[in-house]
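Asker: Sequence:
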Amino acid sequence: MAQNWRQSIHLEPQAGWLNDPNGLCFSDGKYHVYFQYSPDSPKGAGRKCWGHFESSDDGKSWEYTGIVMEPDIPEDRSGVYSGCAVVKDGILHIFYTGNVKLPGDHDYVTSGREANQIYVTSKDGRTVSSKKIILRNSDYPEYCSCHVRDPKVWIENGVWKMVLGARTLENKGCVLYYEADDPENWHYVQTLSIEDFGYMWECPDQFAVGDKVFLGISPQGLPHEEFHHQNVYSSGYFKKSGDALSDFEEFDYGFDFYAPQTFLDRNGERILIGWMGIGDIPYANPTTELGWQHCLTVPRRLSVSEDGFLRQEPVIHPDLLGPVEEVGEDIKTEAELACEIESTIGEDRYEIQIGEAKISYDGEILTLDLSAGQSGYGRTIRKVKTGRIGDIRVVADRSSLEVFADGGRYVMSTRFYPPDTRVSIVSAGGGFRVRPIREMEVRGFE
Numbered sequence: 002m003a004q005n006w007r008q009s010i011h012l013e014p015q016a017g018w019l020n021d022p023n024g025l026c027f028s029d030g031k032y033h034v035y036f037q038y039s040p041d042s043p044k045g046a047g048r049k050c051w052g053h054f055e056s057s058d059d060g061k062s063w064e065y066t067g068i069v070m071e072p073d074i075p076e077d078r079s080g081v082y083s084g085c086a087v088v089k090d091g092i093l094h095i096f097y098t099g100n101v102k103l104p105g106d107h108d109y110v111t112s113g114r115e116a117n118q119i120y121v122t123s124k125d126g127r128t129v130s131s132k133k134i135i136l137r138n139s140d141y142p143e144y145c146s147c148h149v150r151d152p153k154v155w156i157e158n159g160v161w162k163m164v165l166g167a168r169t170l171e172n173k174g175c176v177l178y179y180e181a182d183d184p185e186n187w188h189y190v191q192t193l194s195i196e197d198f199g200y201m202w203e204c205p206d207q208f209a210v211g212d213k214v215f216l217g218i219s220p221q222g223l224p225h226e227e228f229h230h231q232n233v234y235s236s237g238y239f240k241k242s243g244d245a246l247s248d249f250e251e252f253d254y255g256f257d258f259y260a261p262q263t264f265l266d267r268n269g270e271r272i273l274i275g276w277m278g279i280g281d282i283p284y285a286n287p288t289t290e291l292g293w294q295h296c297l298t299v300p301r302r303l304s305v306s307e308d309g310f311l312r313q314e315p316v317i318h319p320d321l322l323g324p325v326e327e328v329g330e331d332i333k334t335e336a337e338l339a340c341e342i343e344s345t346i347g348e349d350r351y352e353i354q355i356g357e358a359k360i361s362y363d364g365e366i367l368t369l370d371l372s373a374g375q376s377g378y379g380r381t382i383r384k385v386k387t388g389r390i391g392d393i394r395v396v397a398d399r400s401s402l403e404v405f406a407d408g409g410r411y412v413m414s415t416r417f418y419p420p421d422t423r424v425s426i427v428s429a430g431g432g433f434r435v436r437p438i439r440e441m442e443v444r445g446f447e
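Each residue of the sequence shown is one higher than the one before, starting from 2 at the first, in this note's numbering.
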């Protein structure tokens with residue numbers, strides 16, 4: 002291997018396996034990013050914990066503070082699974098699912114699994130209080146299977162509210178709603194679902210952007226199509242009006258994106274971070290051989306487009322951005338990864354080649370093609386029907402690409418493993434601007 006593909010501006014573990022972002026929040030001048038963490042294996046085996054990064058300078062630098070929670074009580078002995086954090090009166094109120102797999106002859110869907118919702122608090126984000134069980138299997142509707150997890154909690158008009166992802170005994174995905182007057186005593190309110198839309202809805206997130214409300218989910222079991230649900234599992238959002246869910250749209254159409262979570266930044270703007278990975282993939286990540294796997298996406302600021310869907314804008318600290326280089330059409334340049342590439346689309350056809358990766362647009366369809374060469378490690382082609390778009394912006398790191406089209410109305414993310422940190426870039430159908438991205442500091446690793 003020519004390089005180890007360590008990222009410049011993406012949070013990743015020093016060793017082991019990273020997956021879902023958890024507990025995202027801003028409190029007392031610091032951003033907290035927790036994440037699902039299997040420290041003992043780059044393939045996800047062993048303990049299922051929560052790791053923790055924090056930043057006091059808006060993401061210019063980060064500190065890894067270590068494992069904050071690990072399986073250490075009977076109710077989470079098989080894993081500290083995904084959850085969230087709510088900041089109230091300077092205290093982090095943290096909720097997560099304690100997974101328990103019981104011994105015996107079980108299918109672990111209809112029997113043999115406990116899904117315990119657990120509550121802790123933290124004053125500093127690094128240490129937590131004793132664990133309190135707030136919901137058990139007996140607290141879920143009788144039509145639910147043993148798969149109920151991933152609490153996302155918020156406070157609305159003084160009422161604590163929670164959504165949980167679930168799978169019914171009839172193998173239908175749904176979201177359970179709970180409410181409480183305080184964070185320890187919850188009661189069931191209702192279930193929302195859509196007919197024939199997967200067997201499990203993971204990582205639900207109800208959130209508002211302006212006056213619009215959305216319900217994000219990561220559904221499993223959707224049929225794969227040419228332009229939709231192309232990955233093993235999907236991740237997207239519904240527009241929500243009252244109890245009505247409509248117009249499901251995928252957050253990201255690339256190869257590597259799952260289990261996103263949103264939170265409010267110091268300015269009250271809605272930020273999304275996703276796992277730049279998916280479970281059970283048919284392609285590979287060669288960093289596994291080097292002892293770690295996966296990273297998180299860059300933070301993305303959410304807004305609402307004219308058609309009522311979400312736009313995602315990458316958030317990169319301005320001190321990490323270098324000077325802009327203007328490059329004409331059909332002129333090849335070379336750039337160090339990481340860099341940011343921007344282009345205005347003036348014609349119906351456009352193509353930009355970044356190493357062995359090709360991003361193309363034909364007036365209706367945006368395509369991300371990693372089938373040439375070896376950089377994709379089994380990744381081939383992903384497509385999205387965009388209609389007319391006006392621009393493309395690519396955040397290219399040492400082993401990833403995040404493509405934002407039409408102001409972030411459509412996004413495609415992928416891991417990408419070129420043999421060298423310096424790649425050639427050339428476009429057809431228009432010129433582009435490229436600017437280097439400086440490496441953010443990450444402290445706390447040995």
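Simulated from the structure, these hints should not be mistaken for laboratory data. Keep in mind that the hints are not guaranteed to be accurate.
Said to hold, decoys possible - Calculated pairs, SDA-like style, for lysine to any residue (alpha carbon to alpha carbon, straight line, at most 25 Å): (1) K89 - V190; (2) K102 - K61; (3) K384 - E357; (4) K384 - G364; (5) K162 - D140; (6) K359 - K386; (7) K213 - D140; (8) K61 - E442; (9) K333 - P437; (10) K386 - G347; (11) K44 - S79; (12) K359 - D266; (13) K386 - E250; (14) K31 - S79; (15) K89 - E250.
Asker: Determine for every hint whether it applies to the structure shown.
Answerer: Structure-based check of all given hints:
no.	hint	in the structure
1	K89 - V190	holds (23 Å)
2	K102 - K61	violated (40 Å)
3	K384 - E357	holds (17 Å)
4	K384 - G364	holds (13 Å)
5	K162 - D140	holds (15 Å)
6	K359 - K386	holds (17 Å)
7	K213 - D140	violated (31 Å)
8	K61 - E442	holds (7 Å)
9	K333 - P437	holds (16 Å)
10	K386 - G347	holds (18 Å)
11	K44 - S79	holds (16 Å)
12	K359 - D266	violated (34 Å)
13	K386 - E250	holds (12 Å)
14	K31 - S79	violated (31 Å)
15	K89 - E250	violated (32 Å)
Checked against the numbered hints given earlier, the structure breaks hints 2, 7, 12, 14 and 15 and satisfies all the rest.
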